[in-house]
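A.B. asks: What follows is the residue order along each chain.
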Amino acid sequence: MATNKGIARNRKLLLLGSGGLSIGQAGEFDYSGTQAIKAIVEEGFEVLLVNPNIATVQTNPIPGVKVFLYPLTSLWVEKVIDQERPEFIVGSFGGQTALNCLIELEDQGILARYRVKNLGTSVNTLKMTEDRQKFAEQMLLLDIPIPPSVACSTTQEACLAATKISYPVIVRCAYALGGLGSGFADNEKELIDLVNQGLSCSPQVLVEKSLKGWKEVEYEVMRDRDDNSITICNMENFDPLGVHTGDSIVVTPSQSLTDDEYQKLRNASLKIVQELKIIGECNAQYALCPETSEYYIIEVNARLSRSSALASKASGYPIAYIAAKVILGSSLVALKNPVTGITSAFYEPALDYVTVKIPRWDLNKFKSVSKSLGSTMKSVGEVMGIGRNFPEALQKAVRMVNEDSTGLGKSLDFFDKDKETLEETLENPTDNRLFYILQALRLGYSVEFINKVSSVDKWFLSQLERIVVNENQIKDFSRKASVQKDIFSFLSSIPQDDLKSWKKVGFSDNQIINLLLEGRSDDFLKNQSRFELEKALRQTRKSRAITPVVKKIDTTSSEYPSPSNYLYLTYDGDFHDHLERDNKRSILILGGGAYRIGASVEFDWCAVACSEQIQASGFKSIIINCNPETVSTDYNSSSSLFFEELTVERILDIAEFEGTKEVVVSMGGQLPNKLAGSLHSYDFNLLGHSFSTIDMAEDRNKFSSLLDKIKIDQPRWAKISSPEALNHFIEEVGFPVLLRPSYVLSGAAMKVAYNKESLDRYLDFVTDLSKDYPVVVSQFISGARELDLDGIAKDGEVVFTIVSEHVENAGIHSGDATTVVPAQRLYVETVRKIKRAARQIARGLKLNGPFNIQFLAKDNQIKVIECNARAARSFPFVSKVCRINLAKASAEVFLGRLPLSLRHTEDELQYVGVKAAMFSFSRLKGADPVVGVEMASTGEVGCIAESFEGAMLLAMEASRVKLPEKGILISAGDEKSKIKFLDIIDDILAFHVPIYATKGTSLFLEERGVKTISLPWPGEGNGNVIDYIKNGGIDFVINIPKSSDLKELTRGSQIRKTSVEFGCSLITNVEKAVACIKSFSQKGPFRLNHKIKNLPGFLDNHHGNFYES
Amino acid sequence: MKKQSVTLELSSGKKLVGSLLGAPVKSSGELVFTTAMVGYTEALSDPSYFGQILVFAYPLIGNYGLPSPPKNRDLLERQFESQAVHASGVIISQACYDVFHWTSGTTLDTWLKSKGVPGIVGLDTRYLVTQIRDHGGLFAKILPSDAVGERSLGDFNTVTHEDFFDPNQHPVVTEVSTKERKVYGKGKYKIAVYDFGVKWNILRSLLDKGFEIEVLPWQTDPSDVDCSAWILSNGPGNPNQTFDTKDRIRKLMEQNKPILGICLGHQLLSLAAGAKVVHMSYGHRSHNQPVFVVGKKKAYITSQNHSFKIEEGSLPEDWNVWFRNVNDNSIEGIQHQSLPFKSIQFHPESSGGPRDTAWIFDEFLDGVKKHGNE
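Residue numbers (my numbering), protein chains in the order written: chain Z, 33 to 1141; chain C, 177 to 550.
Note that these hints are calculated values from the structure, not bench results.
Among the hints, a few may not be true.
To be verified - Heads up, simulated SDA-like pairs for lysine to any residue below, C-alpha to C-alpha not over 20 Å straight-line:
no. : chain 1 : residue 1 : chain 2 : residue 2
1   : Z       : Lys368    : C       : Ser280
2   : Z       : Lys303    : C       : Val470
3   : Z       : Lys895    : Z       : Glu764
4   : C       : Lys190    : Z       : Lys895
5   : C       : Lys190    : Z       : Val581
6   : C       : Lys473    : Z       : Lys895
7   : Z       : Lys1110   : Z       : Val965
8   : Z       : Lys484    : C       : Lys473
To be verified - Ranges of calculated distance between the beta carbons of each label pair, as one might list FRET restraints:
no. : chain 1 : residue 1 : chain 2 : residue 2 : range
9   : Z       : Phe481    : C       : Lys473    : 34 to 44 Å
10  : Z       : Thr324    : C       : Lys473    : 34 to 44 Å
11  : Z       : Pro180    : C       : His311    : 55 to 65 Å
Keep in mind that this is a model prediction, so the values were computed, not measured.
Using N, Cα and C, we set each Cβ at its ideal position, and we do this for glycine too.
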């Protein structure tokens, strides 16, 4: 245990985290938890953090903090309480999960039994804000208008209520994250569907008046024990009410509200927190009528939320940090805002810029998912653009959210809709509505018209119109300009004011080039290389002094001088803010951008650790990132933070301003890694791996020839540009094969073809297989184990490696797989081979920094799948299990030093770590919840225990796979996988619940003496498997898809979708099912005997100094 | 849409060029900034800005337009704080030239034009805020490239804009105060309001509570007034440049009726009480000024607009400090130890800005009733 002097004896505080990332509850709670921990430790408490999300910054075992990687259920939290005996508990920093857990602990009398005092808002108040009926009653008492609504616990009640209120109505679900089970109903049929679904996951639903078309406005509010209350900032949604705020484009501060409207809603917010006696942070959401200024309160969240994370970054006010202090009893008046260092925490930030948040949806990753946006949140991440005008901030955000986009300036080529369809597109929000609005403006539709159909405020639309006007100006210039002797004279003939105005409204150089190209019918520009064009434009701008200025975010609009290091760039300004300079070596660290499927909080962990290590070494770390849900964008995670685009243009601007060309690209995932080439061509000094190393690892051909040269086996592959060549390849290697298009095509992702039939299906989908659109095909080895090797190399020599093993056989994306450290089932010889291969690859690629290699192992033979010359997703997991901070050790390599204290091996580990994926299928209506070669999970959890089964059990429970209590359904897939169930059938019987099986599985088991209840397939009569799931007779579903059979894929998909919709635990992979069931069968004794164990600290001395261990 | 270019000349010697907003006339004044993000209509119609050029730190101003201007002063239209635009000029980063909001009938540009007030758009307002802050106060001239006249300063028209007009050197209250006594509403108690440039929302706040009010010109002799209580209103300029107002306030204090001073009224009451009032380096102008009640743990966010403050330690012994600023600890309110005299530096009537201290009116009016019944 840490023995800091500051920690008072027995002053233990249990903090509840938010668990694995899922849609509606993502990285924002790493930000809030991490800030809270800093504040609580400062106040002299020892923090006991319960959170199984091993990839987060908050689960770093630092002095003053004990980390418990356990499921956030009352059962496990009680065990932690029993062992640690904390005095206090805080549940407002871990989202809905923590809040639900806190309520459970209170309701079960656990808090009372152990005399644990809940700090912050009382459980009764929390329950009231969650119970919509009670909430409505309370609001009426306070004279705060609420939309007419009725709480219903049956379908009949709901129908009656809807008739009374009159359609359209909105159905909301109590106690749910991100609006799960909510939606609009225009008629009784739609209503019944929604209510049935809602009631399946909540005892109560609310039928409310629909306020479609009203403005949606939010306030972030803070109150202390002395009743001092402030609003931190307000936010106006670009999308009118109807789209979940997590899926809305959100602007801070409000743009279209008058002082009267602003103050009216602000007053209501203060009244609410004062009357409800909320302590700490609270979020209030309002509907505001655009025609009368009437308003309704929609929702109150008496806790930190996604919105508060956004508000924190948008305003520069560290909401979570201050909220934690206030919860511990500090007065807002006595606290200082640590971002500014000068103003009181009792101060409402004055902004002198505008921020625009855009959600990141990864809907293309999910086959057949509905793209329409409504009251259930679907986005997986978000970005925030900052500018001194709306178009600038918006265009930045558009580039941030999708790095392939250059801004709003390029026309969508898929846009050729007739008027009716167009109106429908504008009216019914989807993930692309913003682009459709832009296109409508381009086609000459008026602001009034678009406002009429979309209800988006005219002010916002008029600002979008400015973008279109400037776009036309660029094209016009290009069209009319005479051919000059060279590109420089051409660009120099752009009028100064015009070029300035284009940059002011947020056009990137790239985008301007696109439009110049578009405007020209001759080949004058087309003859130039893209790189030369961009370089020339940049040079032209600089020679004409059209460059962005650096401004601070300081909460005071510069009313007081502030040492704030929170910065952004704008073209809508003429002077840089004054910044203190020193002569320290400065290093740029590129963050990971928007959270997305495949790149999430784990890369933020890497960037933060790297920054800390660079600072600890006495250098200046400069983080560039644009994701408000992160710890890396906190005011104290770096020496200096640029909340900016991760584009070459912007990185160059920052590098020129800071006078450094040293940059780290390998700690933020694939996004910054992909920038390596361009940065290299602009003469950046890439710290760690050289560009040729990164390039050789990324380029399939180059990497492949390296493997051939050093005689390391790999699955056979080929780049194919005709069906004939494909057939030829398959003839040689045989089925199954893995196919992936080498270009971006929405929906057509990686696929495995098991036979001719599934290959044809794929080819039908990829209609134009050709030289321009080739496909990479590779041999798919079934029945193989998959292994991950994470490591660090210095100058081509491996200095550290750790091997983790997938529970699932190869074929499941490593992000979705369950992985275990140390590997449990490998031959010593296999491990030896893997490590040898890693050493050879490191030498061959001249690796110099963090890396990750994926292997297949079968029959003691290994094959290399790929090598990433950067930190991998698994870094925080393996770092914490091995107690070596690989991100900090990587930073040492970046600084040219050899990290020394890495002589630890997995054999010495006293425990086993298991990492499991978190899925969010319940929010993605229509998506087939099945795992495969494309990653589908939104987060992960990692737990440790003395045995694999123990860690597996904890990881399963932490990823919300629950023990069967009502009934288990087995649909066991093909013969091979059916056989595997024989191993665990005794375990399943020991659950003492009814065992249901689909026909084939039932027959198979019966022949082997196991009795199950056979259920018909979906669509095969009454009492089929779907009915059982819907009626709640089944709560645990194992459905192994027979990968080749289309009919079964569809029937299976129906089972899987229904399971998810009705809240069943669902497993779709046979090896995972076996491991899960085996671990569950030990549950009884494991629970009884398991001694709660906190995550041990890193083996370095906590200051990141690897030289003194 | 090419706009006339306008130069902003600062007393520090710097010159910045932007485009014209409002009327193409020359102007000059004290350069001040507000960090409020909403409430530009309320601010620009606030008489306290007389002689000042107002820089909006928030870059996007005019988004929700403004209602068609009031025709009749007595209507006390919402959103407006007087019938005129009193500021000498306006500096903003980006304007809005269309009308979108349902309450809106005109644009900022049109309104300023109709009132003969010049403005500049397209300047780096954050930079200007920093300049004002670092210089501890600045003066400025607005010089349109094709100026067609000068911004009227009323009685001070003898001042040409060749020099920087400094409102703090002149008794500017005389320009904005009502010329005649006016009675509004009907009620058991009449509140007399000394108009040093009163904001309409002070009047509305009293009328809404059912009180009768009489608005008085600044030089009214208190012995000519029959009332239950006094309000000393807000207003522009330097409290030390108000002729014999201090003496008149001393005279009305002798009546022992409740007094509430607001902003300039607070400074004048302080002067009458014997305190010293001094110029601050750049004042408080925003919707987010935190003040706390001295001796208590309670604090409020207030709307403020002032350049002067009570000098620390100059307050006579029979007065207490009531409020202080949380950030700089300056005196924000005072009260007499035994008599019903109170005043605050901030604006409990808000408009624009937070309404957190509206209870001060309630408390004052309760006091008026109690006092009247004694």
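A.B. asks: Could you run down the list of hints and mark each one as holding or not?
C.D. replies: Structure-based check of each hint:
{"no.": "1", "hint": "Lys368/Z with Ser280/C", "result": "violated (40 Å)"}
{"no.": "2", "hint": "Lys303/Z with Val470/C", "result": "violated (23 Å)"}
{"no.": "3", "hint": "Lys895/Z with Glu764/Z", "result": "holds (18 Å)"}
{"no.": "4", "hint": "Lys190/C with Lys895/Z", "result": "violated (70 Å)"}
{"no.": "5", "hint": "Lys190/C with Val581/Z", "result": "holds (19 Å)"}
{"no.": "6", "hint": "Lys473/C with Lys895/Z", "result": "violated (69 Å)"}
{"no.": "7", "hint": "Lys1110/Z with Val965/Z", "result": "violated (25 Å)"}
{"no.": "8", "hint": "Lys484/Z with Lys473/C", "result": "violated (50 Å)"}
{"no.": "9", "hint": "Phe481/Z with Lys473/C: 34 to 44 Å", "result": "violated (55 Å)"}
{"no.": "10", "hint": "Thr324/Z with Lys473/C: 34 to 44 Å", "result": "holds (39 Å)"}
{"no.": "11", "hint": "Pro180/Z with His311/C: 55 to 65 Å", "result": "holds (56 Å)"}
Going through the hint list in order, the structure does not satisfy hints 1, 2, 4, 6, 7, 8, 9.
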